[in-house]
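This is what each chain is made of:
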Amino acid sequence: MSLVDRTQIKRALVALGAIALLYGIAAEIGRWALPHRIWMDVHYIENVELLPPYRSLGEEMAFLLESWILPSSIAVSTGRVLCGFVLGSAIGILIGLATGRALRLEYLAEPWLMLLRFTPALALLPLYVIWFGYGEASKILLIATNVAVVTLLGAHQGVRAVPQVYLDAATSLGASPRLAFWKVVLPAALPQIFTSLRIALGLAWVTIVVAELIDAKMPSLGYLLTLAGAYPRVPTMLIGIGTIGALVLACDLFALAVYAKATRWMRRTG
Amino acid sequence: MATQRFLLGLASLVGLLVAYTWVSNRLSQPEVIPPTQAIAEAFVDLIAGPRQQPAADQPVHMGHHAHSSDHVEVLLQQGVTLQASLAITTARVLFGLVVGAPIGILLGLLMGLSRRVNDYAHPLYVLVRSIPPLALITYIMLWLGHREPHRLIPIVYAVATTMVIPTYHGLRDVASTYVVAGRSLGAKGWLLIQKVLLPAASPAVLTGLRYAVAIAWMTAVGSEMLMAENGMGNLIVGGGMWASRLQTRSDPAVVIVGILALAIAGWVMDVGARVLTIRLTRWAR
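Quick mapping for you: the protein sequence lines, in order, are chains A and B. Counting along the first sequence from 1, when you hit position 203 you're at 203 in the working numbering, and nothing is skipped either side. Counting along the second sequence from 1, when you hit position 252 you're at 1252 in the working numbering, and nothing is skipped either side.
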């Protein structure tokens, strides 16, 4: 594991700076080169800045922050993602560990897992609305389902991938199955579980964007995007997209850090 | 073992199906928990498509066909069938894979092959990857209007961003031992890339492809639910436009039929990807 060196940081900054500069130039050119009236199937929409310059973005950002629209949206959406994530990963990991350990249970669960695994989670949204109503429950459960499927597979495969040698060694040293599970199986399955958690966290954010279109109420990031699209208010739209991206990135970095910490014991040398 | 697996799987399928049928009939709330026969009926109706208008001289059967909801009726009036919707969504998914995968693989190859490219491109890639494709959909619509490219771009975007990392890691992690061996045998430049690096990275790339297939289905259905007037996403939410369509109450029977069809289609495509994987990585075993 090589640390990020100085050249790498410099090059990253150069790349980001170049993109930022290019966007600024494109936005200035776009101000007179791009159309401000757009034909939208049935009507024109006026005063559109397809590439809003930094000035507009800054003003919009100030407005969204001052009016507490953005902070409260972030809080609400993040709350939903985290609730769904915790619920889904708890259920998924438990079932995955169980099916990974017990062959019969795996056979029983297999057909349903196949079905769930290839179901695009967003397709469940209308069903959840019917079952759980328009409120919080259907959004959180949709995220939880999505997360549960991914983490279940991760935990299951993680347990299955534990080499038999480890288990034999533990047994020959006198470990009870229970002890072997806690001390051998679980730690060995951990990297897989963490990888699946990281993927699931990303998926949870994908889900929320669509899930928040039902019972669409402010504050929520998904609805902020839709609302901005309906007016349309491009700076808001871009800030919304950027905010979601930043949150996904933050979650991912956090997951990576946790992963690195939790699997430090198994770091390969050299 | 194999028979036990099959029997238990079958028992679980049949058992839950019977239990569901019993519960759903017992509850008799077809608009919430549709009974199994209602699901089967919706399935048959959606396959058969719009019924022929009865000829004028024939007596019209009044109340011949009573659906628990308007959802099926609306879809049939619009001429929507299950197979046509599935074909449209499959076409969108395939387009996303065919266009997006090469872009992602190329980017991953460049980043994996050149340290310099990686240093510059990786931070940008991480930013781009972090944006959920469906969040872009309203913005893309402003640029391209309410037309087909607007539904396809999120899928292409999702596939491309998914393919970069497996390709990159395939080159960086998996291939390194092969590279040492290849170098010591005197291979360099294009020969090394062509004969050593690309084959060595291919298992990782193909694993990534299987993941990309799932992502593509999810994105396609999501973008259809929001923006398209055809395809499986539209079938599930039952017409309407944009966000407002999620306010309409769909018939759970139709949604369940749609989900089952999507799951089977996704599974078929995964099997295809797996066969491809086995074919192309035969050397590795």
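Any given hint could turn out to be false.
To be verified - Which chain B residues stay away from chain A? Per the calculated CB distances, all over 10 Å, these:
#1 H1122
#2 L1127
#3 L1142
#4 V1179
#5 W1217
#6 A1220
#7 L1226
#8 I1259
#9 G1272
#10 R1279
As the list claims (entries may be wrong) - Facing chain A, from chain B, some residues (calculated, C-beta under 10 Å):
#11 K1195
#12 P1199
#13 P1203
These are computed hints drawn from the structure, not numbers from a lab. Don't be surprised by glycine CBs; every beta carbon is placed ideally from N, CA and C.
>> I'd like to know which numbered hints this structure contradicts. Please list them from smallest to largest.
In response: 1, 2, 3, 5, 6, 7, 8, 11, 12, 13
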